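Peer 1: These are the residues of each chain, in order.
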Amino acid sequence: MSSPAEPLLSVRDLHTSFPIHSALLRRKVGEVHAVSGVSFDLPAGRTLGLVGESGSGKTTLARTVIGLERPRSGQVLFDGRDLVTLSGRRRGAKAAELRRIRRQIQMIFQDPYASLNPRLTVRQIISEAWMINPGVVPRHRWTAEVNDLLARVGLNPDHADRYPHQFSGGQRQRIGIARALALRPRLVICDEAVSALDVSVQAQVLNLLVDLQADLGLSYLFIAHDLSVVRHISNQVAVMYLGKLVETGTTDQIFTAPVHPYTQALLSAVPVTRPWAAPPRQQIILTGDIPSPVSPPSGCRFRTRCWKAQPRCASEEPVLAHRLGDHPSACHFPELPAQPQPAAVGAR
Amino acid sequence: MDHPLLSVQDLTVQFRTRAGTITAVDRVSFDLAEGETLAILGETGSGKSVTAQAVMGLVPRPAGQVTGGRIIYDGTDLLTRPPSEARRLNGTELAMVFQDPLSSLNPVLRVGAQIGELFRRRRGASRAEARRKAIELMDRVGIPAAARRVDDYPHQFSGGMRQRVMIAMALALQPRLLIADEPTTALDVTVQAQIMALLADLKAEHRMAMILISHDLGVVAGVADRAMLMYAGRVVETGELREVYETTAHPYTRGLMASIPELDGPRERLQPIPGAPPDLMRLPSGCPFRPRCAYATDICASQPPTLAAVPTRPDSHRAACHHAEEVLADVVAG
Amino acid sequence: MDRTTGQVPPTDQALVAPPAGDPAGPVDTPPPDADPLAGRPRGTIGRLRIIGSLVVVACYVVAAVVGPILLQYDPVATDLKARLQPPGTRLPDGSLAVFGTDQVGQDVLAQMMQGARVSITVGVATLVLAGLIGVTAGLVSGYFGGWLDAVLMRLADVQLTFPSILLAIFIASILGPSVVNVVIVLSISNWVTFARVTRSQVLALKERDYVDATRTLGAGTWHLITRSILPASIAPILVVATVELGHVILAEASLSFLGLGTPASTPSWGMTIANGRDYLSNAWWISTIPGIGLAILVISFGVLGDALRDRFDPRLRSM
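Read top to bottom, the protein sequences are chains Y, W and H.
Taking my numbering, I'd label the letters of the first sequence as residues 2 to 349.
Taking my numbering, I'd label the letters of the second sequence as residues 9 to 342.
Taking my numbering, I'd label the letters of the third sequence as residues 22 to 340.
Worth flagging that the hints you see were computed from the coordinates, not collected in a lab.
Please read all numbers here as calculations on a predicted model, not as lab measurements.
Just so you know, not all the hints are guaranteed correct.
[Stated by the list, open to error] Here are the simulated SDA-like pairs of lysine to any residue, each with C-alpha atoms no more than 25 Å apart in a straight line:
| hint | chain 1 | residue 1 | chain 2 | residue 2 |
| --- | --- | --- | --- | --- |
| 1 | H | K227 | Y | Y114 |
| 2 | H | K227 | Y | P298 |
| 3 | H | K227 | Y | D112 |
| 4 | Y | K29 | H | L224 |
| 5 | W | K211 | W | N98 |
| 6 | W | K141 | Y | V85 |
| 7 | Y | K309 | Y | P298 |
| 8 | Y | K29 | H | D170 |
| 9 | H | K227 | Y | I21 |
| 10 | Y | K95 | Y | R64 |
| 11 | Y | K309 | W | L206 |
| 12 | H | K227 | Y | H166 |
| 13 | Y | K29 | H | K227 |
| 14 | H | K227 | Y | V85 |
| 15 | H | K227 | Y | P20 |
| 16 | H | K227 | H | P184 |
| 17 | W | K211 | Y | L217 |
| 18 | Y | K309 | W | P152 |
| 19 | Y | K29 | W | H163 |
| 20 | Y | K29 | H | E228 |
| 21 | H | K227 | Y | Q125 |
| 22 | H | K227 | Y | R28 |
| 23 | Y | K95 | H | G239 |
| 24 | Y | K29 | H | G166 |
| 25 | Y | K29 | Y | A45 |
| 26 | H | K227 | Y | L184 |
| 27 | W | K211 | W | E251 |
| 28 | H | K227 | Y | N134 |
| 29 | W | K211 | Y | H166 |
| 30 | H | K227 | Y | T288 |
| 31 | Y | K309 | W | G150 |
| 32 | Y | K95 | H | L245 |
| 33 | H | K227 | Y | A278 |
| 34 | H | K227 | Y | S196 |
| 35 | W | K141 | W | T100 |
| 36 | H | K227 | Y | R120 |
[As the list claims (entries may be wrong)] Calculated from the model, a selection of chain H residues having no Cβ within reach of chain Y, i.e. all distances over 12 Å:
| hint | residue |
| --- | --- |
| 37 | K102 |
| 38 | V125 |
| 39 | G197 |
| 40 | S221 |
A virtual CB, placed ideally from N, CA and C, is assigned to each residue, including glycine.
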């Protein structure tokens, strides 16, 4: 792993939870522990893939990083400054500083239909960013700047005055990307950014994201449930299960030598297009579903679905640490996969 | 294949919209033998789901209408049968599993009652017997503690478990043909693997014919015998799944293959198909794939290609492309 | 319209142009795989309902604006020679009383046109006031939630359990009759509907991805409400306003009928109807014709509101 000294984004022991209120008296009756103690680093100019099932908390993690949810505790360090402590105030120097930093973190949403305001033209959607953040782009430059952004994401600038419904799904996602780029961010969070697209269009958008990263030096926090896509675009991968990271490492480490049983199960569940040509793999079919984050299992959260679970797993929580191989995992009994996993040869 | 279980011939389905009439399914033909699994693959607007709806008699009216062709099931044409008879077939002979199990289940009825109702209505089973059968089925499709969960409501199940309930309902009367329309699209990859494994098991166990509709070439690869790719309402390539995937003869299929990042492939730049899936209201002349195709020549604009045998497996593999042999040569050359 | 081809590759080419004459329609590929029936229920019948009721409403507005100029009406004048004349009578001064005259010899048509002016003014003023209060309450309640939401919505619930006309009578009898007071009274009993519709809209909208997207750009509360949330709530609010306008005019007539509405110097329909009550047996037209006129207007607003709702927001049907 070639990590520069100072990571762009550094998340430390982050906890985010949502209260559950009773219907009648609105009293707090419980808590959904969506993110419980997550730490990771994202170096500048790199892509961290975040994978996990729905209910793993990966979207909440992303929303906490970008400030749509307030964490209960922990740190979100961007360029060394903690956004969580800065976000206490509405006015003053701290609030201004927070706005300046937040501007550098943008997001691309999953649904290209729901994430664009249907009542605004593409030009208005993109320039809204500058309206909210005066001083980034002077008003007389807006037209030119919108045209530049549209061209950059592969859309015709002549169509800037059309409404979102006049574009196809793939084009809408490009508009969403242009909006995310409007404030010249350094970190872009892609929350299932290509999942809703048709296969042929998904490849176009993935290539676009790769090109933008090369041109603009962006960092991506790339959230997806499709492991093939994550492997394709990421330098590093973090596997999340029920609010916690269970294994992190470089893309090659995670995909060729996963040691956590959940990572192994996840990888073995990925459908292969040519099963007859693929090396024989150990098919692990997990039973059951991810447990409720309201009352997660004691000890290791994966133990209820794990075929290797021992009494120790229920009593002692495995922390994310270097155990086997050269990357951190959170399992008391890490093992390299029985059969060699498909080799992740070559690099982009 | 002298007597296929299902034979769809020149099926055409049109939709009337405010802006005009679109042909969602355009002269689609295919056969399905007893116990065989066919994967219908395509992107948004390809007509894959509408084809299945037509077989089930579920084309939404009055906007949609089957305007041509025949759907011959077990020797008789479903399209000329009176609706009451067609309804009788649904469930007993043909069954369907949908993408979104939550909206296909009645939210105010216990799942056991919903499964059991089929036995009570169609087989005249008693209440107790229907309940017993419901538990049996839920057990079979892998719902843990079925005897307890039979009295739960749909919202108390997870997405994967709901899809199992849907499969249990589809299987209840032991149909000979099961149509699954994107059965795992809404599910996580681990649950997807469970459901696909279940479908493969059931198919082997009951010798049931199956039509799997998907946008994902990988999901169906382990289960389907044959594949049929659709684009803009037409069949562009069909054949044994392995033949279609390995000796691809249509540029669209080839493009799809190149668009998918593979878990075991090299991490190189993807080769996407340029452009977007077509607007059915404004289809180009000739071949609908022409504007996105690297092989397109003048003939593609003037003559719509028809399905023709692919030389490597002329008995089963067919593609609708004027340049099929060039595509094939390129695919074989890698 | 031009089509994009061959610019910065790779692009989803063919940006489809909207069909001429229907800019609002979805011009994306109609995806039969998704739901071919998606779309708003509309058609000639819906259009006829809208046009028909609009024409009726327009006639009333024209009558209210132009009528009193053409047919002078003096609320304190009496002409005993011309009293209680049936519709179509030629009066001693040579004019034709199309709808007859009342117990003091006033022309009923002139009274009605004057009344339309009062009723429509009161109705619109009430809607503006009730709308302002209700929409603000709904926005605040839906957007901020918490105790404010709880208080406002409980208040609304309490008010809904109380018949609004009783409430109006109660307040009106305290404030006394005047046009301004009627507007205040009716606004108090009508803000709830606006508040509820707005709140439910806001609750749905504030979770939308595009609102979140604007939030991640750094947008503050004011920007989110005015640019992202309120514009999307306008259509259902207007639908509600149309239906409510009929109700308000009816309520105003009821108040005036009971003597709690507009003062005698600004006669509204309710007052004309009330005045004719004693003469129903020998001069039916004094009460009946304004009553029919009122009914037609209220029904027109109802039809218009329904048609607009079907067109813009079928989900509101239960409201």
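Peer 1: Evaluate each hint against the coordinates.
Peer 2: Hint-by-hint comparison with the structure:
For the suggested pair K227(H) and Y114(Y), the alpha carbons sit about 16 Å apart, so the restraint of at most 25 Å is met. Of the pairs offered as hints, the one joining K227(H) and P298(Y) is violated, with about 33 Å between alpha carbons and a cut-off of 25 Å exceeded. Of the supplied pair hints, the one linking K227(H) and D112(Y) holds, its CA atoms being roughly 16 Å apart against a limit of 25 Å. Taking the CA atoms of K29(Y) and L224(H), the gap is about 21 Å. The hint holds against a cut of 25 Å.
Our distance criterion of 25 Å between C-alpha atoms is met by K211(W) and N98(W), whose separation comes to about 18 Å. For the proposed pair K141(W) and V85(Y), the alpha carbon gap of about 55 Å is over 25 Å, so the pair is violated. Between K309(Y) and P298(Y) the CA atoms are separated by roughly 15 Å; this keeps the pair inside 25 Å, and the hint holds. For the hint pairing K29(Y) with D170(H), the CA-to-CA distance comes to about 17 Å; that is within 25 Å, so the pair holds.
Between K227(H) and I21(Y), the direct Cα distance comes to roughly 19 Å. Compliance with the 25 Å bound is thereby established for this hinted pair. Of the supplied pair hints, the one linking K95(Y) and R64(Y) holds, its CA atoms being roughly 21 Å apart against a limit of 25 Å. Our distance criterion of 25 Å between C-alpha atoms is met by K309(Y) and L206(W), whose separation comes to about 23 Å. For the given pair, K227(H) sits about 20 Å from H166(Y) by alpha-carbon distance, which is consistent with the 25 Å threshold.
This hinted pair checks out: K29(Y) and K227(H) have alpha carbons roughly 23 Å apart, not beyond 25 Å. Distance restraint check for K227(H) and V85(Y): the Cα-Cα separation of roughly 23 Å lies within the 25 Å cut-off, and the hinted pair is therefore satisfied. Pair hint K227(H) plus P20(Y) holds up; C-alpha atoms about 19 Å apart against a cutoff of 25 Å. The straight-line distance between the Cα atoms of K227(H) and P184(H) is roughly 32 Å, outside the 25 Å bound, and the hint therefore fails.
With a CA separation close to 51 Å, the supplied pair K211(W) and L217(Y) exceeds the 25 Å bound. A distance of roughly 20 Å separates the Cα atoms of K309(Y) and P152(W); the hinted pair therefore holds under the 25 Å criterion. Taking the CA atoms of K29(Y) and H163(W), the gap is near 22 Å; set against the 25 Å cutoff, the hint holds. For the suggested pair K29(Y) and E228(H), the alpha carbons sit about 22 Å apart, so the restraint of at most 25 Å is met.
For the hint linking K227(H) to Q125(Y), the alpha-carbon distance of about 19 Å falls within 25 Å, and the restraint holds. The straight-line distance between the Cα atoms of K227(H) and R28(Y) is roughly 23 Å, inside the 25 Å bound, and the hint therefore holds. With a C-alpha separation of about 14 Å, the suggested pair K95(Y) and G239(H) falls inside the 25 Å cut-off, and the hint holds. With a CA separation close to 15 Å, the supplied pair K29(Y) and G166(H) stays within the 25 Å bound.
For the proposed pair K29(Y) and A45(Y), the alpha carbon gap of about 40 Å is over 25 Å, so the pair is violated. As the CA atoms of K227(H) and L184(Y) are separated by approximately 23 Å, the hinted pair is consistent with the 25 Å bound. This hinted pair checks out: K211(W) and E251(W) have alpha carbons roughly 22 Å apart, not beyond 25 Å. This hinted pair checks out: K227(H) and N134(Y) have alpha carbons roughly 21 Å apart, not beyond 25 Å.
Proposed proximity of K211(W) and H166(Y) is contradicted: the alpha carbons are some 42 Å apart, above 25 Å. For the given pair, K227(H) sits about 37 Å from T288(Y) by alpha-carbon distance, which is inconsistent with the 25 Å threshold. This hinted pair checks out: K309(Y) and G150(W) have alpha carbons roughly 21 Å apart, not beyond 25 Å. Restraint check: the Cα-Cα separation between K95(Y) and L245(H) comes to about 22 Å, which is no more than 25 Å; the hinted pair holds.
This hinted pair does not check out: K227(H) and A278(Y) have alpha carbons roughly 49 Å apart, beyond 25 Å. Pair hint K227(H) plus S196(Y) holds up; C-alpha atoms about 23 Å apart against a cutoff of 25 Å. This hinted pair checks out: K141(W) and T100(W) have alpha carbons roughly 15 Å apart, not beyond 25 Å. A threshold of 25 Å between alpha carbons decides the hint, and for K227(H) with R120(Y) the separation of about 15 Å falls inside it, so the pair holds.
Every CB of chain Y is more than 12 Å from the CB of K102(H) (nearest about 63 Å), matching its label as outside the interface. With a least beta-carbon separation of about 55 Å from chain Y, V125(H) lies farther than 12 Å from that chain, consistent with its non-interface assignment. No beta-carbon of chain Y comes within 12 Å of the beta-carbon of G197(H); the shortest separation is about 42 Å. The claim that S221(H) lies off the interface holds: its Cβ sits roughly 17 Å from the closest Cβ of chain Y, which is beyond the 12 Å cut-off.
Consistency with the previously given hints fails for numbers 2, 6, 16, 17, 25, 29, 30, 33, ordered from lowest to highest.
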